[in-house]
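Top line first, the protein sequences correspond to chains A and B.
Using this note's numbering, you'd call the opening residue of the first sequence number 1 and step up by one each time.
Using this note's numbering, you'd call the opening residue of the second sequence number 1001 and step up by one each time.
Simulated from the structure, these hints should not be mistaken for lab results.
For clarity, every value in this text was computed on a predicted model and none was experimentally measured.
Treat the hints loosely; a few may be bogus.
Residues of chain A clear of chain B, computed beta-carbon distances all greater than 10 angstroms [to be verified]:
(1) Asp230
(2) Ala233
(3) Glu250
(4) Val278
(5) Glu330
(6) Asp465
Using C-beta positions, here's what the derived DEER-type ranges look like [stated by the list, open to error]:
(7) B:Asp1403 - A:Ala244: 31 to 39 angstroms
(8) A:Thr121 - B:Asp1216: 52 to 60 angstroms
(9) A:Gly301 - B:Arg1098: 49 to 57 angstroms
(10) A:Pro189 - B:Ser1008: 35 to 43 angstroms
C-beta: ideal position from N, C-alpha, C; glycine also.
There are 2 protein chains.
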Amino acid sequence: MAESDRLSGDLPLRDAEEAADAVPDDAALLVSGFGSVGYPKAVPEALADSGRDLALTVVSGGSVGGEIDAALVEADAVGRRFPFQARPEIRAAVNDGRVAFADRHVAGVGDDVQYGGLVATDATSVAIVEAVAAGEDWLVPSTSLGQTPAFVEAADRLVVEVNAAQPRALERFHDVYRPGTPPDREPIPVDSPGERVGSPRVEFDPGKLAAVVELDRRDDPYEFREPTADDRAIAANLCEFLEAEVERSELFAESVRLQFGVGSLGNALMGALGDADVGDRDLVYFGEVIQDGLLDLLDEGLLRSASATSLALSASGQDRLFADAERYAEDVVLRPTDVSNSPALIDRFGVVAVNSALEVDAYGHANSTNVGGTRMVNGVGGSGDFARNAALSVFALPSTASDGDVSRVVPMVPHVDHTEHDVDVVVTEQGVADLRGTSPRERARLLVEECAHPDFRERLRAYLDRARRGGDDADGGEGARGGHLPHDLDAAFSWDE
Amino acid sequence: MAESDRLSGDLPLRDAEEAADAVPDDAALLVSGFGSVGYPKAVPEALADSGRDLALTVVSGGSVGGEIDAALVEADAVGRRFPFQARPEIRAAVNDGRVAFADRHVAGVGDDVQYGGLVATDATSVAIVEAVAAGEDWLVPSTSLGQTPAFVEAADRLVVEVNAAQPRALERFHDVYRPGTPPDREPIPVDSPGERVGSPRVEFDPGKLAAVVELDRRDDPYEFREPTADDRAIAANLCEFLEAEVERSELFAESVRLQFGVGSLGNALMGALGDADVGDRDLVYFGEVIQDGLLDLLDEGLLRSASATSLALSASGQDRLFADAERYAEDVVLRPTDVSNSPALIDRFGVVAVNSALEVDAYGHANSTNVGGTRMVNGVGGSGDFARNAALSVFALPSTASDGDVSRVVPMVPHVDHTEHDVDVVVTEQGVADLRGTSPRERARLLVEECAHPDFRERLRAYLDRARRGGDDADGGEGARGGHLPHDLDAAFSWDE
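Pulled out of the complex, with its shape left as it was, chain A reads as follows:
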């Protein structure tokens, strides 16, 4: 019998190597983790070091650490990977075709696994979950919740890693609620972004528990860069736009509910939000990650509550949160990703979604995932969950890449993650294009004149003029041949050569 602050009851305590034996060679690993925190570490590493001939399918809620997306990949143990990744090692393998990667909206991945045939039905599925405490039929997740409730429910077997480096007090953040099975799925009973409706524990069938592994190792989260001049200019443009919008719409009479995308720009925008003048309205965060920028707002009393699925903090941000976990937990709630990113809740709360993209095109489509249309970066993540269902969908990005050599406003993006139907407003360091209620031709003018970098505007105008004429060979006047979304398809991807 294990009885401690961390372990309770008759648990199958094993070392990592023994626990790894519970994983068949072709298993589906359903791992905890989101925002590069709260992922299992010991068992994936033991699998990577095992020398076995593995062909695993690895499914996570979001991004995880190097034990999974570097070590396991370099051991050639990963055959398939869903729905998101953010490490150079797996990115290279995905782009070489060595790992079969399918990029999915993260809100639906729990359902995809449990009901939707994402994982081959003849494979044994093993959930491997990091926890700060565990009993015979329950566990308390660590720094992220992700799709852990769905994965534990769907898995054939369960391995729990109880990590002493993660504070026991993380229990205070979690609000575990797993939506029921359709068609009798009830509405998620969360009536305001900060409300708690569930339990801090994930419960499971004790018959599934194959091993509990103890370890003491910190997350290896990504670090955020310092805000750049472009970041600050984008933030200033965004704040100016938001200030006018919250005055205009009755949706924001009393509060503004916001989501920001994952990454350094999102982090910088979160931090800059404190400078926005929104009168006496409450600011509320309803998103998928708590990044360092939000801690400042919480400390300054500017944020009423924050809902997310991950404490995606830098190492120093974790230190700051861990030192004062009880206080932060009063205003911060962690939810499963199918709740944090729920289309229904994003709609009901009237969220303003602010996400980034690699590039946008003249008609308002956004590429968030594939450089040059072909080379995967990380994945679509939750950006589509928010952009599609938000009351207002903003995409914020610098107007150029590669030290100004490449325009991020292009005639046609070579990969579309967010269509013209889901992009309301684009913000760059140059300005703001409010695309609502505009035709594609109007959008092109707004995006080129307000958002593109001046160095590229003349070439963009030349492309669009040619497109409206129907291409170089066309003899019609402007407008006669170009169509609703004018393009010169022969030059759509070579306009700047």
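Please build the complex by placing chain B on the supplied structure of chain A, with the hints as guidance.
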């Protein structure tokens, strides 16, 4: 005082020309109508005939009739049009750039108008709604519900057309529920697809009522073509796939909830559904339109209930329904589009969505709207509401167009309405490609070998081989340079020339 079966109370009865005077020259017209039925007829026609210099913004729930999208357009009275249109006259104007058209997911258009700034805030908005009966502060909609509740709530003025050609008994079909204002929006309280939770009437502020116009004129709906050999082959492939899927997934233990897209193929697929062997499971329809094909299933007792926003029937289908409206109303419920197409309900009910597309690409993106990427057909409609939120998202289309001269399976679609993240399964008359859990490279193989027409497979393979090598000039081996989504961008749109 008007007191009849149709009119009740002290109503401002006007002829159509007088009612048209309530519409300022630059008004936003918020019109009823969806699926080419239930749209206002007399006042739009009077506006078209008025000789006034109009610059209207016209917003509907979905497609409407010729009085709006032909006559008003030909009178050069329409400056802007949202979110869907399906008549040749307006299509030509949209593609010439004469009408500024913005294509939106129809579920959100009520919110877009009421809160989201879709319509310029300095324009007077006039809701013009067809009804089968009206009083001083209520109306009963006719053959579609569309976004009427939101439009009536958002509008500055209201004009009601009471149409004696539409049966009074249509009242029995409507279930009017308008979601509240975020962030205090409650969950939509519909717990099963057939449940009624609202009222058959749309209520309004009597101070808005500018005119009531009486008329007696039928809808001018589109006609469905007879199913073709391709339609029947697609239906057979779809049924075979569905039969296996309902056996596989616990989602379908007791019932199968289905949506089919608008149009002749959707209509044919609905009709063919009666041939699917789904054991003793209930079939339930949760979609946006009731088309003729569903009436057969209802008559045969194969369909337990049907939820939609429009009785988008042919003229003969309307005759059939009108002759027996009370009986059909027992199993058919019409909802506002923000309920019929609600992301939350589609998710909660675990709907299988079956939509069509102009073309799909090798990596699973679908173009539903713009031929050649530039020329708008109708709009995205509700296909994205369903495809994104469905438990299973199927796209069904013939493998070729133009009598076999053009492949509908292409390397890269020139316009994306549904991304790879939202397309689970593709069905053509050739076969079925189940894309779930596959990498883009695997998807390309499945789509070319299972779904493309044999006449095009060799050319598609050649493109994909070249793309995987990284283009014609590449010296790397297969896989080394192609990336996650291999493309040869110089030839992506000229592969078949």
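Status of the hints after comparison with the structure:
no. : hint                                     : in the structure
1   : Asp230                                   : holds (27 angstroms)
2   : Ala233                                   : holds (24 angstroms)
3   : Glu250                                   : violated (7 angstroms)
4   : Val278                                   : holds (14 angstroms)
5   : Glu330                                   : holds (20 angstroms)
6   : Asp465                                   : holds (13 angstroms)
7   : B:Asp1403 - A:Ala244: 31 to 39 angstroms : violated (53 angstroms)
8   : A:Thr121 - B:Asp1216: 52 to 60 angstroms : holds (58 angstroms)
9   : A:Gly301 - B:Arg1098: 49 to 57 angstroms : holds (53 angstroms)
10  : A:Pro189 - B:Ser1008: 35 to 43 angstroms : holds (40 angstroms)
The structure fails hints 3 and 7 (numbered hints given earlier, in ascending order).
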